[in-house]
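Residue numbers (our numbering), protein chains in the order written: chain A, 48 to 382; chain B, 48 to 382.
Incorrect hints may have been included.
[To be verified] Restraint ranges, calculated between C-beta atoms of paired labels, are given here:
(1) B:R317 <-> A:R257: 40 to 50 Å
(2) B:R321 <-> A:Q190: 19 to 29 Å
(3) B:L377 <-> A:R135: 34 to 44 Å
(4) A:D107 <-> B:R318: 48 to 58 Å
(5) B:R318 <-> A:Q246: 34 to 44 Å
(6) A:L188 <-> B:E322: 49 to 59 Å
(7) B:A225 <-> A:P369: 22 to 32 Å
(8) B:R126 <-> A:Q246: 30 to 40 Å
(9) B:R318 <-> A:L188: 15 to 25 Å
(10) B:G262 <-> A:A105: 49 to 59 Å
(11) B:A311 <-> A:D147: 48 to 58 Å
[Said to hold, decoys possible] Partial pick of chain B residues on the chain A-facing surface, computed with a CB cut under 8 Å:
(12) D202
(13) V251
(14) L256
(15) G258
[To be verified] Chain B regions said to be covered by chain A (calculated; three or more residues, Cβ under 8 Å):
(16) 170-184
(17) 263-273
(18) 314-321
These aren't lab readings, by the way, just hints derived from the structure by calculation. Built from N, CA and C at the ideal position, the CB exists for glycine as well.
Here are the chains, one letter per residue:
There are 2 protein chains.
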Amino acid sequence: MRRPVTVAVDVLGGDGAPRAVLDAVRLVQADPQARVLLVGPVDQLPELMAQHRIRPGAVDLMNATECVAMDAHPLQAVRQDAQLEQPRLTVTVAARAVRDGAAEAWVSVGHTGAAVAAAVLAAGRIPNMARPALAVVLPALEQPVVLLDAGAGLDASPQVLAQFAVAGWCYARALGVAEPNVGLLTIGSEPGKGDDVRQEAEQVLAERLRGHGIGFVGPVEGGDVVTGRRAQVVVTDGFTGNVLLKGIEGAVAWSVERISQAYADPEPARRVLREVATGDFAGGMLLGVDATTVIGHGAGSPAQIAACIRLAASAAERGLIPELRARLALTSESS
Amino acid sequence: MRRPVTVAVDVLGGDGAPRAVLDAVRLVQADPQARVLLVGPVDQLPELMAQHRIRPGAVDLMNATECVAMDAHPLQAVRQDAQLEQPRLTVTVAARAVRDGAAEAWVSVGHTGAAVAAAVLAAGRIPNMARPALAVVLPALEQPVVLLDAGAGLDASPQVLAQFAVAGWCYARALGVAEPNVGLLTIGSEPGKGDDVRQEAEQVLAERLRGHGIGFVGPVEGGDVVTGRRAQVVVTDGFTGNVLLKGIEGAVAWSVERISQAYADPEPARRVLREVATGDFAGGMLLGVDATTVIGHGAGSPAQIAACIRLAASAAERGLIPELRARLALTSESS
């Protein structure tokens with residue numbers, strides 16, 4: 048039997064931490080695919096585990112005593128922590144656990160910027176990725192769509208968007224999409240629409256992706272992200288991607304609420320929302336850092352956080368990062 | 048009895064033109080609030096009206112023979128047309144009908160950029176609006192939300208965003224929201240999140256809106272647009288706003304499709320989509336030009352285009368533009 052993937056889990060990150068995180072760990076403690084390394088205050092963890100019915104011996108423990116405060120400047124806090132002889136932040140310790148081989152992947156549902164910074168500082172970037180992107184999987188009508196960047200950064204140059212495209216393509220392949228096509232998010236689907244960055248990016252992506260043998264369908268609109276008809280990988284800057292992701296999440300919740308009122312029994316509609324929330328939507332994969340990193344919703348439920356842990360284990364299992372490294376290495380040869 | 052508002056309608060704009068537009072006109076021909084001025088090729092209109100069962104005498108006619116081709120450069124086409132002694136484009140003729148008093152409002156479901164350009168060239172901008180914004184009304188959970196700019200432009204400076212905020216506030220008031228609060232669309236709801244434009248805009252909006260006695264709640268996220276809990280007016284640049292709008296539309300359609308499969312009878316779910324599509328979502332109000340202008344979906348159904356005509360009539364009836372002029376005039380006094 049194959050040995051389970053060890054996933055380091057940030058116990059203190061997220062709106063419902065540590066309770067929601069520990070409840071999530073209980074949900075996965077019997078999974079044969081994943082073994083959890085709890086990263087948190089080891090003097091309190093045994094008691095918390097007992098409260099949350101996590102079996103002693105089902106998980107491993109690693110000490111970290113603090114989380115990034117939401118009101119602090121997260122990047123500064125993570126940078127300072129990384130310089131300490133004994134880092135205190137859960138994100139630093141969890142990301143280093145992967146770097147040092149104590150885990151193969153890590154998960155945080157705390158501050159996104161802090162998790163991104165911790166991953167970059169601990170594990171470094173993959174060559175030919177100027178910066179990491181958060182890739183989310185949207186449950187589209189025809190086939191799942193990978194949207195990136197969903198908020199690891201704010202803006203992106205055409206060259207960076209081309210790197211995101213290659214990384215997103217690798218992720219879609221790892222998720223089982225046979226021949227994903229890439230689209231560039233913009234307004235209007237005719238060529239040449241959008242601002243200067245998109246117009247230049249359209250040319251850069253067309254050229255770079257042709258070099259990789261990756262299909263490029265050109266500009267796509269916000270609605271195409273939800274059908275999956277035209278493209279299965281959609282690239283954009285982190286500001287636009289995050290706004291779009293949050294809008295789609297909100298619109299799905301709105302629809303469930305409003306449609307459920309149109310039926311005598313609201314339960315089937317709500318079940319759809321739960322399935323979506325604990326499946327495709329659950330976590331963002333941070334692409335471009337040299338450690339398998341999943342960042343989930345701060346307000347995620349235990350089932351959603353459990354889905355993040357499983358996503359991290361499965362990406363490590365499938366060798367997403369070695370594939371990404373190999374594919375991006377081709378970039379430097381061809382350009 | 049109050050005289051109906053005359054609404055000039057671009058017969059040739061939109062994916063389904065002229066059929067979808069004429070079917071829409073049939074739907075409103077008996078409305079006491081609106082009288083339609085059909086703007087299209089007058090030599091063909093009587094026969095088209097007969098085919099679409101529009102009563103002779105129920106509408107007025109004005110001649111325009113061409114529409115903006117989707118593959119042409121729309122702004123250039125509209126600029127050239129405006130210099131002709133006899134303009135040929137329906138958008139030019141319809142916008143001028145409002146400028147010249149033959150109509151009080153106009154509607155196009157053709158190319159957005161062409162309609163925006165025609166409105167600006169024919170009617171001019173309202174003082175203190177550097178550029179127009181397309182405002183759409185989203186059917187949020189708690190109360191409707193006005194989102195702008197939904198795609199009239201591409202980017203927006205902090206100063207322009209402040210003008211959008213005032214214009215959107217006037218529109219929300221005209222729609223019946225008593226004391227709308229304004230939010231600035233960004234990522235993360237803590238102060239100081241987002242790119243340089245949003246960080247500066249947060250300060251500019253806080254100051255300007257305070258001067259107007261308009262409530263400002265600061266940064267809001269994509270999902271807040273769909274709840275309407277925090278802000279009832281959400282401002283952003285046209286690129287982000289258009290991506291978000293299209294994403295929300297797609298997500299609602301996705302939800303209806305997926306949820307309807309969870310029930311034996313899909314009809315109630317589909318009815319929700321139809322209600323939304325022919326109500327709040329139907330048309331964008333172009334704020335900042337001195338002519339009541341509604342721009343609808345190119346792919347809109349006759350019921351959606353009819354909703355655009357009614358929206359235009361009701362905005363003209365309520366005096367949205369005089370209110371906007373008065374409110375923006377205060378800007379120059381206070382700043």
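Status of each hint after checking the structure:
1. B:R317 <-> A:R257: 40 to 50 Å: About 41 Å separates the Cβ atoms of R317 (chain B) and R257 (chain A), which means 40 to 50 Å holds.
2. B:R321 <-> A:Q190: 19 to 29 Å: 27 Å, holds
3. B:L377 <-> A:R135: 34 to 44 Å: 52 Å, violated
4. A:D107 <-> B:R318: 48 to 58 Å: Since D107 (chain A) and R318 (chain B) have Cβ atoms about 53 Å apart, the given range 48 to 58 Å holds.
5. B:R318 <-> A:Q246: 34 to 44 Å: 41 Å, holds
6. A:L188 <-> B:E322: 49 to 59 Å: Taking Cβ atoms as reference, L188 (chain A) and E322 (chain B) lie about 21 Å apart, which means the hint is violated.
7. B:A225 <-> A:P369: 22 to 32 Å: Cβ of A225 (chain B) to Cβ of P369 (chain A): about 59 Å, so the range 22 to 32 Å is violated.
8. B:R126 <-> A:Q246: 30 to 40 Å: Since R126 (chain B) and Q246 (chain A) have Cβ atoms about 20 Å apart, the given range 30 to 40 Å is violated.
9. B:R318 <-> A:L188: 15 to 25 Å: At roughly 20 Å between Cβ atoms, L188 (chain A) and R318 (chain B) fall inside 15 to 25 Å, so the hint holds.
10. B:G262 <-> A:A105: 49 to 59 Å: 51 Å, holds
11. B:A311 <-> A:D147: 48 to 58 Å: 55 Å, holds
12. D202: 6 Å, holds
13. V251: At 18 Å from the nearest chain A Cβ, V251 (chain B) fails the 8 Å test, so the hint is violated.
14. L256: 21 Å, violated
15. G258: The hint is violated - G258 (chain B) has no Cβ within 8 Å of chain A, the shortest such distance being about 28 Å.
16. 170-184: Per the Cβ count (0), the hint is violated.
17. 263-273: That given contact holds, which follows from 6 residues of the stretch 263-273 of chain B lying within Cβ reach (below 8 Å) of chain A.
18. 314-321: holds (count 4)
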